[in-house]
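Q: Spelled out, the chains give:
There are 2 protein chains.
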Amino acid sequence: MSQSMTRSPLAPASFPDLPVIKGVRFASASAGVKYQDRTDVMLALLAPGTSIAGTFTRSLTRSAPVRDCQAKLGDDCKDGAAILVNSGNSNAFTGHFGQTSVEQITSAVANVTEIPETRIFTASTGVIGEPLPHDRIIAKIDELADGLSEARLKDAAEAIMTTDTFAKGASAQVEIEGQTVSIAGIAKGSGMIAPDMATMLVYIFADAKMEQSALQSLLSSICDRTFNCITVDSDTSTSDSLMLCATGASGVDATGNDAFASALETVMLELSHQVVRDGEGATKFVEIQVTGAETDSDAKTHGLSIANSPLVKTAVAGEDPNWGRIVMAIGKSGAAADRDLLSISFGDVLVAEKGWVSPNYREDDAAELMKQDEIIIKVDLGLGEGHATVWTCDLTHGYIEINADYRS
Amino acid sequence: MSQSMTRSPLAPASFPDLPVIKGVRFASASAGVKYQDRTDVMLALLAPGTSIAGTFTRSLTRSAPVRDCQAKLGDDCKDGAAILVNSGNSNAFTGHFGQTSVEQITSAVANVTEIPETRIFTASTGVIGEPLPHDRIIAKIDELADGLSEARLKDAAEAIMTTDTFAKGASAQVEIEGQTVSIAGIAKGSGMIAPDMATMLVYIFADAKMEQSALQSLLSSICDRTFNCITVDSDTSTSDSLMLCATGASGVDATGNDAFASALETVMLELSHQVVRDGEGATKFVEIQVTGAETDSDAKTHGLSIANSPLVKTAVAGEDPNWGRIVMAIGKSGAAADRDLLSISFGDVLVAEKGWVSPNYREDDAAELMKQDEIIIKVDLGLGEGHATVWTCDLTHGYIEINADYRS
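Residue numbers (the working numbering), protein chains in the order written: chain A, 1259 to 1666; chain B, 1259 to 1666.
Keep in mind that a hint or two might mislead.
When chains are identical, the list treats them as one kind, so a pair holds in a single copy or across two.
In silico DSS-like pairs for lysine-lysine, Cα to Cα no more than 27 Å straight-line [claimed, not checked]:
#1 K1292 / K1412
#2 K1636 / K1336
#3 K1292 / K1612
#4 K1629 / K1336
Rather than coming from a laboratory, the hints here were simulated on the basis of the structure.
One chain only, chain A, in its complex shape (with noise of 0.2 Å):
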């Protein structure tokens, strides 16, 4: 949780510039909730008309804004909405004290706004297991509420971040009949990072028009490929929340276009890479694209395997191309496997074929590809058409110092 943290070796140049996205005002303050000298709440108001996807962590102790939002997901939002996202405390496992502060903010989020208070979303990370002293934030809602602008969303990407060492966006846009249609997102996470989830915070926006089981059922399908498929540490937050608001103000009709679906998976695909650039401690991007398995899903079960074995990651820190911890976390993945039919890439170097070393492979080559800040992991099953491709990072001192070195 600490703020001093220098910037991730493996982040963008820098912040890009995100189009305006007609129907939504962003506004951040510092609230004080835990972090001092730094923005820490942010609110987003959308415009009547909005449809408001999202997805959300599946832990079994999962937060109390989580529950909240789940709960109040699916209605449409005709007087309008809002999202009011807090940093420094998780609000999780706070008993029924969590509900009272999340009761407490929308209640004077709604009184402020005039939107109803079931059309309050709210988002807390930070620690777990403290109670969330609500009362500074609702003390900063009159001057959220003064300084809300469509320019400003990179200032409410600021305010969402905790061991981030840098704020994460992105954004595409699409022709559609003649007309712009904009896309615009932000997220946070760098540590707790496993996939079954919707990752850390991640708010997206859209002008375009579209239903919301339509947008639901969009969001959760290109949240299976992007979002669902990073890992940094195999540990799955209790605060994960994935939203994807879309205020209808271009006029433009989205449902079932293609071109929309894929610039939407295009912000996605960059947010959720972003986060683990963003890694505890990581000096290494690693792609692994696992082909030739008995299904989709087989696939996705190998990749994760070897992303979060903390042999592979450790080995991919230390530049050392060891495959053979490759077999061993494919072997250990519970996906159907043939060791006699396996091939293992690093990039362009093919290490070993048919459940041994290549005949041509010399350790120098894939040592070399190692040394590179971003290595492509290519494992071939040889038993069918499956495929899926999950990102992860390395393992290295950095994590041990920001997770046992300090006091969080």
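We have chain A; now place chain B onto it with these hints.
A: Below, chain B without anything else, positioned relative to chain A:
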């Protein structure tokens, strides 16, 4: 695979005095498979009439010796049996060459010892994916046969070490019908340790008499409560093998004898704990007691989710009573849990109850407790009678050093 590691701070003061097990003799030799200036092959020769039970890794990429042992297990040993183990090379992912190496070795041992080839078991531990230089081992078989002695079990324990920082042994004796029955075992293992297996390499010998099928069923049942309840890094080896040999030389039939089963469990528990105490980079030994789960299986799932969580393990390394991470690990485990019924203690310090921090909890008390070498984490789910205990170690810079900083 370095031999220069400092002895684990959690190691026992010294190797225990092991009783002689009648009916089995041991030898070790320096074959130079990979390591220089140390022993790396051990031979155990078992008397006619011995029963052998075994459990092995379930990895789908398991090694050639493991496959060979699994195929041979079950038959009687009326003409005796032998076990030959090398360290330095695991003979895993070595294609059809792997089986050839096994055949060459077992055939050579059969020639020298006059034991049928089908009763000769082998194991190999060390680097994955390199051809086993079996000629170096075969060249030492005469020397091994000449050096056999009832008193050399400690030598055998030393010969099978890889990243281990200490040799592992344990024993028990029990009176059955006025006669003493002795059990003694050795183990190796330090990294790539995860459950669903029988840890790295474990050999246990008893002079009791028992039919193979009864011995196997006893072994499997105890294994589920001992070796299958430990984890160092959640990574499952391709070579894990545990063999239990009952020579019958005491003349005492231990079939169905509770005292024998209990003594055997003591030996297996002690050996499994020694493997955790030698976990790569370990500075803390952690026992996780889970009670109140819906089923025993759910309790074990929760326990292993906590034990395998990098965030819990780094918190222990940092002496941080970060119980929020335990809540997280329970939430993600997939087994049944109800946030509002959960209680968590560190040792005797009650930290959380009914889904929130306990009113009497003082973090200083827990922080003091976390400074100890041995930490007990207690979790009560409040749902039923299911319980399980699992063991692990912390995740430290030492683990990263062993697995990333040096090429293996």
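Q: Using 27 Å as the alpha carbon limit, work out where K1629 and K1336 are close: within a copy, between copies, both or neither.
A: For K1629 and K1336, neither the intra-copy (54 Å) nor the inter-copy (56 Å) Cα distance is at most 27 Å.
Q: When no copy is named, should K1636 and K1336 be tagged within, between, both, or neither for a Cα gap of at most 27 Å?
A: neither (48 Å within a copy, 49 Å between copies)
Q: Regarding K1292 and K1612, is the shortest C-alpha distance of 27 Å or less found within a copy, between copies, in both, or in neither?
A: between (55 Å within a copy, 25 Å between copies)
Q: Taking 27 Å as the upper bound on the Cα-Cα distance, should K1292 and K1412 be classified as within, between, both, or neither?
A: Answer is within: at 21 Å inside a copy they meet the 27 Å cutoff, but 56 Å across does not.
Hint violations for this structure: numbers 2 and 4, all remaining hints satisfied.
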